[in-house]
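> Next come the chains, spelled out residue by residue.
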Amino acid sequence: NAGVTQTPKFQVLKTGQSMTLQCAQDMNHNSMYWYRQDPGMGLRLIYYSASEGTTDKGEVPNGYNVSRLNKREFSLRLESAAPSQTSVYFCASIRDRAQETQYFGPGTRLLVL
Amino acid sequence: KQEVTQIPAALSVPEGENLVLNCSFTDSAIYNLQWFRQDPGKGLTSLLLIQSSQREQTSGRLNASLDKSSGRSTLYIAASQPGDSATYLCATSGNQFYFGTGTSLTVIP
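Residue numbers (my numbering), protein chains in the order written: chain A, 261 to 373; chain B, 130 to 238.
Rather than coming from a laboratory, the hints here were simulated on the basis of the structure. Treat the numbers as computed from the prediction; the structure is a model and nothing was measured. Ideal placement from N, C-alpha and C gives every residue a C-beta, glycine not left out. It cannot be assumed that every hint is accurate.
Computed footprint of chain B on chain A; a stretch qualifies when at least three of its residues, placed anywhere within it, have a C-beta under 8 Å from a C-beta of chain B [as the list claims (entries may be wrong)]:
id : segment
1  : 299–312
2  : 351–364
Under the rule of at most 30 Å between Cα atoms (straight-line distance), these lysine-lysine pairs were calculated in the DSSO-like manner [what the hints assert, rightly or not]:
id : chain 1 : residue 1 : chain 2 : residue 2
3  : A       : 269       : B       : 171
4  : B       : 130       : A       : 331
5  : B       : 171       : A       : 317
6  : A       : 274       : B       : 171
Based on the sequences and whatever the hints tell you, model everything.
Here you go:
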């Protein structure tokens with residue numbers, strides 16, 4: 261049981277490049293989330309998927325797109341990276357948000373030059 | 130929009146001391162409140178979850194309380210140890226999850 265896995269662990273991009281961050285969970289959780297963490301800002305929700313086949317915007321969705329590929333996988337895409345997207349990105353999953361805690365992946369550190 | 134605040138931003142204590150971390154939130158319409166621990170360069174690990182109908186939860190040396198009406202939660206750590214050094218974050222669960230900016234704790238041997 262690996263929990264929540266994220267790839268890559270670290271990435272450097274040039275402004276304007278695109279990339280996809282991958283997230284997978286093996287806990288049969290219904291909901292999955294993408295956050296970014298910046299110094300002094302805490303974790304902010306980018307997008308979430310309450311169930312397979314649905315996605316919704318969070319607090320800071322601009323510049324990102326997501327895909328809930330199946331129940332296990334939830335990817336985050338940066339179509340045209342900007343320096344303001346330099347951050348640490350965390351994926352999380354949960355079975356029942358009213359009753360249970362989120363499980364987090366180890367994070368992806370992204371640097372946009 | 131929910132606003133979650135944690136005070137202090139940083140705390141340094143000698144080993145063995147009992148300490149309290151504070152979390153406040155503006156919207157009391159929550160399912161639950163959670164406390165997480167984050168070690169440098171790592172993801173978040175859940176410590177305690179308090180349902181909105183509960184007043185407190187305990188796990189080992191940790192005790193978390195919730196006063197939903199006043200929008201406050203506290204995390205009490207008894208007999209602190211150097212291994213407790215980490216950043217502690219609280220988060221509310223409602224329509225979305227909202228996190229505080231965390232308290233960075235250093236326990237000095």
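> Does residue 171 of chain B lie within 30 Å of residue 269 of chain A when you go C-alpha to C-alpha?
holds (11 Å)
> Would you check chain B against the segment 299–312 of chain A, counting CB to CB pairs closer than 8 Å, and say if three or more residues qualify?
holds (count 7)
> Hinted pair, alpha-carbon criterion (30 Å max): residue 274 of chain A, residue 171 of chain B. Please report holds or violated.
holds (25 Å)
> Just to be careful, I want the Cα atoms of residue 130 of chain B and residue 331 of chain A compared with a cutoff of 30 Å; is the pair within it?
holds (29 Å)
> Between the alpha carbons of residue 171 of chain B and residue 317 of chain A, is the straight-line distance 30 Å or under?
Within the cut-off at roughly 25 Å; holds.
> Confirm or reject the coverage of the segment 351–364 of chain A by chain B under the rule of 3 or more residues with a beta carbon closer than 8 Å to the chain's beta carbons.
Since three or more residues must qualify, the claim that chain B covers the segment 351–364 of chain A holds, with 9 doing so at under 8 Å.
No hint from the list above goes unmet by this structure.
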